[in-house]
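These protein sequence lines are chains A and B, in that order. 505 is the number that our numbering gives the last residue of the first sequence; the numbers go up by one with no jumps. 353 is the number that our numbering gives the last residue of the second sequence; the numbers go up by one with no jumps.
Keep in mind that the hints are not guaranteed to be accurate.
Stated by the list, open to error - In silico lysine-lysine, BS3-like type, Cα no more than 25 Å apart, as pairs:
hint, chain 1, residue 1, chain 2, residue 2
1, B, 97, B, 46
2, A, 497, B, 348
3, A, 497, B, 46
Unchecked claim - Partial list, derived from the structure: chain A residues whose beta carbon lies under 8 Å from chain B:
hint, residue
4, 418
5, 447
6, 461
7, 483
8, 485
For the record, the hints were derived by calculation from the structure and aren't laboratory data. This structure is a prediction, so every number in the text was calculated from the model and none was measured. From the three backbone atoms N, C-alpha and C, an ideal C-beta is built for every residue, glycine too.
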Amino acid sequence: MNATINEEADFVGPIITVGEIADAAVEAAELDNPDREIRVTPGPSYIRLEARGQIVLSVANMSQALGRPFVMGELEKNMPGFAGFIRMGSDSVKFVASKANK
Amino acid sequence: MTAQTPVQTKGLKTWSALLGNKKRPSEYEIVTHGLHYRTRKAEAPYELDTNLMMNQWYRKNVFQSPLQHPDWNKFRDPDQLTYRAYMTMQDGQEEYVDGLLREHAERGHDKELPADWVKTLAQLYTPLRYVQGALQMEMAYVVQMAPASTITNCAAFQEADATRWLSRVAYRTRELANAYPGAGFGEKERAEWEQAPALQGMREAVEKMLATYDWGENAVAANVVVVRAIEECLRQLARAARAQQDSLTAMMLEAQLRDAERSRRWTLRLVEQALEVEGNRSVLEGWVKKWTPLGEKAIDAFCAALPGLPTAAQDARDGLKAFQKSLGLA
Chain A
404 MNATINEEAD FVGPIITVGE IADAAVEAAE LDNPDREIRV TPGPSYIRLE
454 ARGQIVLSVA NMSQALGRPF VMGELEKNMP GFAGFIRMGS DSVKFVASKA
504 NK
Chain B
24 MTAQTPVQTK GLKTWSALLG NKKRPSEYEI VTHGLHYRTR KAEAPYELDT
74 NLMMNQWYRK NVFQSPLQHP DWNKFRDPDQ LTYRAYMTMQ DGQEEYVDGL
124 LREHAERGHD KELPADWVKT LAQLYTPLRY VQGALQMEMA YVVQMAPAST
174 ITNCAAFQEA DATRWLSRVA YRTRELANAY PGAGFGEKER AEWEQAPALQ
224 GMREAVEKML ATYDWGENAV AANVVVVRAI EECLRQLARA ARAQQDSLTA
274 MMLEAQLRDA ERSRRWTLRL VEQALEVEGN RSVLEGWVKK WTPLGEKAID
324 AFCAALPGLP TAAQDARDGL KAFQKSLGLA
């Protein structure tokens, strides 16, 4: 049980308002994190998208999932919260569990 | 009475102060730039007698601050937030938090919390309204003192963020008191804040910060060290909450950290501008060196009380250090 508890604390990722950005993020997360198990927890008006240790979302895969160009500001506008540390770049955003985890 | 030089207004396409922009001023610049009258007169920032207490105070703590820049008005909020934009943005965020509270209340979330975790919430979470109150007062001082209205605006929004979370912690305190009568919710927070070992590092840091009057040191102590250390504690508290199946506390703290990111962005910009002046690096580094041990003390005491996260304090220290490093100050 303790191992499970500690694992739970290491899940990171965005909380995204329900809509096309959330749908696209779920799709992009699978493509951007092939070696990680992606967990999607639905809420009434949001989804929690996460993986253990680290999760990445790229502009390229978000654009592909949306079928149109995507800019990172769209995620920020639709992200009321997040777990972990956030590293926002122009071509991807990364959520990591610890600062040592680049 | 000195003769005034006539201002050439013919042909001006915008405010004279914004002429150098070469671009049409944005809504942000129009409503935010160059609004302070207190920086116009070096001897009497608040007009009237130069010996007026506020004039002496402002001269000493702003004009004579070790942190100097020839043009603080050059500062721009990287988010370019105006009051209207802030309210629109945070209205959406508040709706989200309302939804979280409603959803968790409907499913009886509080009643399902582990008993030991409820005690932790009473020790570490609900007393945070005192912390939020201190952070609100802290930013109110920056609002009052900052030498440029563009800086004041950022501090004002950060002050509003602190008030926002103060209010939410108070609301949660009432909910937890309803779910656990007799557990001390709504009754023991002040005693915890003043006496619990886990909170004394935080209390020392915020009280010393509030009693630091030089505007530069005050702002740096807050946004480069103390506020950041507190946020790193909250990040660890969110992790602990998730591990205890307390998704509501975790998600509220995670939403609060979104506001923190915005504060970090404008702090980065302010430090970048300050570092344009050669002498400022040693001033800033001196303040960071002076205040970081207090931030780390706050982190160590708080994180030691978090159940099941043995590396929480080190993770939080790393988080604080990484931010300071991103500013080029660690």
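Hints and how they fare:
1. B:97 / B:46: This hinted pair holds, its Cα atoms lying about 15 Å apart.
2. A:497 / B:348: Between residue 497 of chain A and residue 348 of chain B the Cα gap is close to 19 Å, so the pair holds against 25 Å.
3. A:497 / B:46: 34 Å, violated
4. 418: Holds. Min distance 7 Å.
5. 447: 5 Å, holds
6. 461: 20 Å, violated
7. 483: 4 Å, holds
8. 485: 6 Å, holds
The structure shown violates the earlier hints numbered 3, 6.
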